[in-house]
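Enquirer: Residues per chain are reported as follows:
Protein chains: 2
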Amino acid sequence: MSELTIWTYDWVPEGPRGFVRDLRLRWACEEADLPYVVRTVAFDDRQTNHLDRQPFGLVPFLNDGELEIFESGACLLHLARKSERLMPRDPAGEAETLQWTISALNSLEMVTVPWWFLNICGEPDNQLTGWLGQRLEHLENVLAEREWLAAGRFTIADLLMADVLRVPLVRAFGDRPASEAYVARVTDRPAFRKAHADQVRQFEAADAKRAEMAPG
Amino acid sequence: MSELTIWTYDWVPEGPRGFVRDLRLRWACEEADLPYVVRTVAFDDRQTNHLDRQPFGLVPFLNDGELEIFESGACLLHLARKSERLMPRDPAGEAETLQWTISALNSLEMVTVPWWFLNICGEPDNQLTGWLGQRLEHLENVLAEREWLAAGRFTIADLLMADVLRVPLVRAFGDRPASEAYVARVTDRPAFRKAHADQVRQFEAADAKRAEMAPG
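Those protein sequences? They're chains F and W, same order as listed.
Numbered according to our numbering, the first sequence spans residues 1 to 216.
Numbered according to our numbering, the second sequence spans residues 1 to 216.
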């Protein structure tokens with residue numbers, strides 16, 4: 001098996017620790033027992049220092065042998081081909097996983113991230129709030145009737161959807177008991193807990209190095 | 001080959017005609033010479049009348065024989081498995097197509113759609129404008145150096161990205177000659193023109209029926 005390398009930043013401020021999207025890839029590899037290493041690009045000048053590898057200056061991106069692939073959603077779909085633990089192999093199960101994976105990226109996160117951004121810009125009652133409420137309500141109705149989004153089992157669709165929903169501001173929005181139980185259940189998986197702890201530990205360790213290098 | 005059915009609304013107001021996302025699926029089928037039929041759910045009460053088939057009350061969704069799949073991005077990835085014309089079959093070409101497909105959905109459309117929405121709510125200078133400008137500028141730099149996003153040829157990544165970028169407000173934002181030439185080039189394809197004309201014609205034809213049924 002070719003070696004998997006997950007690329008992320010060498011450091012981030014405290015706020016995003018535990019939420020940088022390399023976590024999605026670490027988590028998937030942990031679920032599937034796929035060996036991987038983590039390597040870094042500099043957080044400083046990130047808008048320009050790795051555009052040849054990620055044209056928007058973002059992380060993560062993934063090396064799989066000779067292949068290089070960016071966008072966390074694309075990396076997850078790529079990893080899912082390597083292990084049935086991430087996506088079932090029957091056509092119906094695969095189609096369900098695919099639709100809910102894209103749903104997390106394009107029907108939920110397309111609203112949650114801009115809404116969150118307007119919130120932290122100081123606009124908690126912004127024009128996206130009604131739209132967010134609708135989408136979350138529809139999803140609550142789905143999650144009230146099933147344990148997993150696709151194929152009656154854990155898949156990358158749950159990994160992604162739980163990652164979208166666990167953002168504290170989103171989690172605190174409204175009263176959605178099924179969604180809350182879902183997030184708690186999915187993020188209690190050992191693979192999530194390991195990936196989360198590893199990411200936080202990596203960025204904490206980088207604090208010391210960064211302090212040493214700072215001009216005195 | 002099993003029959004493909006693309007589901008959309010039975011009618012929409014003039015504004016969204018030519019932009020409803022069933023167009024993405026029609027377009028892909030036209031590119032790949034995949035036979036399909038179009039069927040409809042009622043636009044009225046759309047938030048509740050087909051939740052068993054699309055849990056957010058949206059369109060399109062697709063039937064492929066026994067399979068049912070929603071989310072236009074997921075449907076495109078599903079259709080791409082049926083025809084090499086939509087996605088190359090070598091691992092590198094496939095990975096590139098996948099990453100740019102997800103990029104259109106989660107790095108571009110995640111900004112363009114909420115920004116557009118705030119615009120039509122009367123906030124043209126909204127807080128998402130800087131973010132939109134950055135993303136579009138990064139993409140402009142990519143498109144200045146290549147004709148197609150992935151694998152040196154047309155793929156579903158171009159279909160999706162051009163569909164994201166052709167929204168009039170987005171197209172008019174800033175001066176991005178490479179992106180403009182790209183949108184013009186991709187939407188000049190016969191498959192796009194047929195899909196677009198078919199959608200507009202369908203909704204126009206529905207006007208007459210709707211007028212008949214309106215209480216006199």
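Keep in mind the hints are simulated off the structure, nothing from the lab.
Don't take every hint at face value.
[What the hints assert, rightly or not] With beta-carbon atoms standing in for the labels, derived distance ranges:
1) W:VAL200 <-> F:ASP188: 29 to 39 Å
2) W:ASP90 <-> F:GLU180: 35 to 45 Å
3) W:PRO16 <-> F:ALA172: 44 to 54 Å
4) W:GLN47 <-> F:ASP125: 38 to 48 Å
5) W:GLY122 <-> F:GLY122: 47 to 57 Å
6) F:LEU67 <-> W:GLU137: 25 to 35 Å
7) F:ALA214 <-> W:VAL200: 20 to 30 Å
In this text the structure is predicted, and so the values were computed from the model without any measurement.
Yeah, the Cβ is synthetic: ideal placement off N, Cα and C, and Gly gets one too.
Enquirer: Tell me if the beta carbons of ASP90 (chain W) and GLU180 (chain F) are separated by a distance inside 35 to 45 Å.
Expert: Since the Cβ atoms of ASP90 (chain W) and GLU180 (chain F) sit about 44 Å apart, the hinted range of 35 to 45 Å holds.
Enquirer: Quick check: does the Cβ-Cβ distance between ALA214 (chain F) and VAL200 (chain W) fall within 20 to 30 Å?
Expert: 60 Å, violated
Enquirer: Regarding GLY122 (chain W) and GLY122 (chain F), is the given constraint of 47 to 57 Å on their beta-carbon distance met?
Expert: 19 Å, violated
Enquirer: When you take the CB atoms of VAL200 (chain W) and ASP188 (chain F), is the distance between them in 29 to 39 Å?
Expert: 50 Å, violated
Enquirer: Using the Cβ atoms, figure out if LEU67 (chain F) sits within 25 to 35 Å of GLU137 (chain W).
Expert: 27 Å, holds
Enquirer: Cβ-Cβ distance between GLN47 (chain W) and ASP125 (chain F): within 38 to 48 Å?
Expert: 22 Å, violated
Enquirer: Hint says 44 to 54 Å; check whether the CB-CB distance for PRO16 (chain W) and ALA172 (chain F) agrees.
Expert: 33 Å, violated
The structure is inconsistent with the numbered hints 1, 3, 4, 5, 7, although it conforms to all the rest.
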